[in-house]
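Novice: Fit chain B to the known structure of chain A by using the hints.
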Amino acid sequence: DTGVSQDPRHKITKRGQNVTFRCDPISEHNRLYWYRQTLGQGPEFLTYFQNEAQLEKSRLLSDRFSAERPKGSFSTLEIQRTEQGDSAMYLCASSLEGLEGETQYFGPGTRLLVL
Amino acid sequence: GENVEQHPSTLSVQEGDSAVIKCTYSDSASNYFPWYKQELGKGPQLIIDIRSNVGEKKDQRIAVTLNKTAKHFSLHITETQPEDSAVYFCAASKRRGGGADGLTFGKGTHLIIQP
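The listed protein sequences derive, respectively, from chains A and B. Residue numbers for the first sequence follow this note's numbering, so the first one is 4 and each next one is one higher. Residue numbers for the second sequence follow this note's numbering, so the first one is 161 and each next one is one higher.
Only chain A is shown next, with the shape it has when bound in the complex (with noise of 0.2 Å):
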């Protein structure tokens, strides 16, 4: 079983540049979460996919932010015309939709650094 993964890992930009994460879920799990961590602080929800919808995005940040699940299973964020307030851990959770709810499971994340 492999667990949720994320691409990169790491990632210095300049301030400016567009920016895209990947995010793979655990396979067969219908709804995809991105969360942003900063520093000292839990993640915040940015948005969620069930299968390709996406059916929560108000919670993003600005319209610099886009997410997208073209087939319902990988997805990816972007950012565009980056700022160093957007220097941060992207995190990506998957989880399946069930009778009893779900667990969400989160991948290793991405760290952005805005230079």
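Don't take each hint at face value.
[Stated by the list, open to error] Reference excerpt, derived from the structure (chain B facing chain A, CB under 10 Å, subset only):
1) V164
2) P168
3) G176
4) Y196
5) S253
[To be verified] Covered stretches of chain B, as calculated for chain A (at least 3 residues, CB under 8 Å):
6) 178-189
7) 261-273
For the record, the hints were derived by calculation from the structure and aren't laboratory data. We put the beta carbon where it would ideally sit given N, CA and C, even for glycine.
Specialist: Only chain B this time, still in chain A's reference frame:
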């Protein structure tokens, strides 16, 4: 929206002693309360969870209690070991395991086990 408060921010205990971390939540509609352990450079790992129809749940050295009336839940770790040292996060959600609301996390507790 939901607000989760977590205390203490740092907890230092002697190896073998017990540790207790407390959280309160604001939304009475929340019905799922997981606890995650995060080690340095890694994503959060679920250690135990509880749903609102249960008052207490135990798994070996770890237990969680829930008081719905007071909107309060706690993590109890007995017979602490050095490998228990990590940051622990509580979270809450109104949907079974997450759904469109995602998880709302506390700010975390840095648990230090003194040898």
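Novice: Next, verify each hint and record whether it holds.
Specialist: Status of the hints after comparison with the structure:
1. For the restraint placing B/V164 at the interface with chain A, the shortest Cβ-Cβ distance is roughly 8 Å, inside the 10 Å limit, so the hint holds.
2. For the restraint placing B/P168 at the interface with chain A, the shortest Cβ-Cβ distance is roughly 14 Å, beyond the 10 Å limit, so the hint is violated.
3. For B/G176, the interface hint is violated, the least distance from its beta-carbon to any beta-carbon of chain A being 28 Å, above 10 Å.
4. Contact between B/Y196 and chain A, as hinted, is supported at the beta carbon level, the nearest pair being about 7 Å apart and thus within 10 Å.
5. The interface hint given for B/S253 holds, since its Cβ lies 9 Å from the closest Cβ of chain A, which is under the 10 Å cut-off.
6. Against chain A, the stretch 178-189 of chain B contributes 0 residues with a C-beta closer than 8 Å to a partner C-beta. That does not satisfy the three-residue criterion, and the hint is violated.
7. Coverage of the stretch 261-273 of chain B by chain A holds [criterion: at least 3 residues with CB-CB distance below 8 Å; count 8].
Of the numbered hints listed earlier, those contradicted by the structure are 2, 3 and 6.
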